[in-house]
Amino acid sequence: MGEGYKLNVYAAFIKIYIKTKLEYRFSFFSDIFLQIFTFSFMYLGIWILIDNFGNINGWSFYEVMFLYNVNLFSYGISGLLLWIPMKQVEGLVHNGDFDLYMTKPMNILLHLISKNFTHPFFGHIILSIFIFILIFINMSISLNLFQVLMFCLSLFGATLIQISIMIIGGSINFWLIKASTFLDIMIYGLRGFISYPISIYTHSIQFILTFALPYAFINYYPVMIVFPEKSSEMLFNKYLSFGTPVIGAIMFIIALRIWNIGIKNYQSTGS
Amino acid sequence: MGFYFRYTINVFQQNSIYRTRFILQLFYSILNLLVYISIWTALYSTSKFSNPQTLNLNEMINYVVVSTIISSIVSNNIIYMIDNKIKTGDIAIDLIRPIDFSTLLLCETIGRNLYQTIIISVPIIIISSFFFEFSPPNPTYLGLFIFSLLLAFIINFCLMFLFGMLGFWYLTIWHLDQFLNDIIKLFAGVWIPLWLFPGFLSDFANYLPFRLIYFSPITIFLEKVTIEEILFIYMQQLITVVFLVLLIALTWRKGIRKIVIQGG
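Heads up: the sequence lines are chains A and B, in that order. Using my numbering, you'd call the opening residue of the first sequence number 6 and step up by one each time. Using my numbering, you'd call the opening residue of the second sequence number -18 and step up by one each time.
Hints were generated in silico from the structure; no laboratory data involved. Treat the numbers as computed from the prediction; the structure is a model and nothing was measured. We put the beta carbon where it would ideally sit given N, CA and C, even for glycine. Be aware that one or more of the hints could be misleading.
[Claimed, not checked] Only pairs whose alpha carbons sit at most 20 angstroms apart, straight line, appear in this in silico DMTMM-like list of lysine to aspartate or glutamate:
#	chain 1	residue 1	chain 2	residue 2
1	B	K68	A	D56
2	B	K68	A	E28
3	B	K66	A	E95
4	B	K166	A	D189
5	B	K239	B	D81
6	B	K239	B	D75
7	B	K166	A	E28
8	B	K68	A	E68
9	B	K166	A	D56
10	A	K92	B	D81
[Stated by the list, open to error] Pair by pair, the computed Cβ-Cβ distance ranges are:
#	chain 1	residue 1	chain 2	residue 2	range
11	B	I(-10)	A	M144	55 to 61 angstroms
12	A	A17	B	V223	29 to 35 angstroms
13	B	F(-16)	A	S45	24 to 30 angstroms
14	A	D102	B	S116	36 to 42 angstroms
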């Protein structure tokens, strides 16, 4: 079976999913709007802070917003694909329904993500695209071709990092029972650190966010490509700003490894 | 009455089984607190900040610590619980029991939150007093704070219950939880004091009941309000409770006819 076939299956599944969801049209669209509202409050909070203080560690409102937005965009795409599937793993493993996926002639991860598509995350993507446009209108950023290409590649890398985080968070369920809180911490708790430039933290936290849990590669380092004038505060090494695509690829390979080991480790509980 | 007491104790014990979950939550709270403290430290160190009700950095750190403690005491998962009960059809069983559904929910929340408070608040208080110079106010204000905190707990319970009932009409409501939490995070002044809000936003926040859960109790804790102002806060909290209880009763009577029982 070629890759093309898999994509066809995925497309067919998604089409059915969207069709069933659109049966409840009101619900479908209000799910998306709720997300847009929710994250608008985040931006409102950033605005209130910077309105009072002028800047945070030298970062202006639009700069912090840009930083946050890279996170939101990559989170939106990975959430669209993976949020519900990874949340489901806890329950599937707990009641043994995971067997169903083990017996199908299809890649388990792919099957899992084909069956569920977390449509509320369209809200994240729509809002973040809107904010990107808003920032480019208001900030007069001039980029050369290299910067544009590098930044797009980094966005892709950032998305891979977010995807990897979700897969690892979901995989934990193969070892621990009722571990969905773990996924919450990996996503919400640790991500809280990268809502603002990591230069505000102590050196040890910066080190952890760069080398141990590379969340800083999601937004802080790639954003340095767009704001080269910030490189004076660059932490560790200035070449780290080009690291995101590489880190993304490495993380993705590690995440798939962990997922596969987890599946081998899975012992059915149901009957 | 004896029954409800025993039920609460049961829930308390039941929760201790999920110890890992609460310990992870404690870890989460500490991370969050660390982020808030870092942000405020960075903001205070860089700029020309001046505000009439200025808190100094130490007071600001106390502000977010108290807020974290309040969060562990008042926050509940009622929306998620109701969502789950509707989805699985368990709500039918709760409804035919000869006990009041809302009281049952209240007992469940008290039992769970007692456990949550002990396992989260206590370590946070200890850590904060060692590392962040966290200190309680004088005993009078501490007492006044605790009373307002109890009212805050009830307000939060009523709010979540009210929104949870939207599930009777709307079926899935899990992401409503996140939405409500994010509104509260901003407009209750969970980590940005409402004093910093510009004119129109501060007016808006004043009209919403959320500030009575976090901001008002915190101002008492920080001794930033006079006794008269505290009495006024109590009055607002009480009126909000009465108003919410009426609204719940009304919604309940309408919703119970709407509800779709799933499963068999």
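Outcome of range test on Cβ distance (A/A17, B/V223; 29 to 35 angstroms): violated, 55 angstroms
Given the hint that B/K68 pairs with A/E68, does the C-alpha gap stay at or below 20 angstroms? violated, 43 angstroms
Cβ distance range 24 to 30 angstroms for B/F(-16) and A/S45, holds or violated: Because 45 angstroms falls outside the window, the suggested range is violated.
Are the Cα positions of B/K66 and A/E95 separated by 20 angstroms at most? holds, 18 angstroms
Given the hinted pair B/K166 and A/D56, is their Cα-Cα distance within 20 angstroms? holds, 18 angstroms
Would the hint linking B/K166 and A/D189 be met if the CA-CA limit is 20 angstroms? Holds, because 17 angstroms separates the two Cα atoms, which is no more than 20 angstroms.
Just to be careful, I want the Cα atoms of B/K239 and B/D75 compared with a cutoff of 20 angstroms; is the pair within it? holds, 16 angstroms
Can you confirm whether the C-alpha distance between B/K239 and B/D81 stays at or below 20 angstroms? holds, 18 angstroms
Straight-line Cα separation of B/K166 and A/E28 no greater than 20 angstroms? Violated, at about 33 angstroms.
Given the hint of 36 to 42 angstroms, check if A/D102 and B/S116 actually sit that far apart at their C-beta atoms. Taking Cβ atoms as reference, A/D102 and B/S116 lie about 51 angstroms apart, which means the hint is violated.
Could you say whether the range 55 to 61 angstroms given as a hint is met by the Cβ separation of B/I(-10) and A/M144? At roughly 58 angstroms between Cβ atoms, A/M144 and B/I(-10) fall inside 55 to 61 angstroms, so the hint holds.
Keeping to a limit of 20 angstroms between CA atoms, is the pair of B/K68 and A/E28 held or broken? holds, 18 angstroms
Violated hints, listed in ascending order, are 1, 7, 8, 10, 12, 13 and 14; each of the other numbered hints is respected by the structure.
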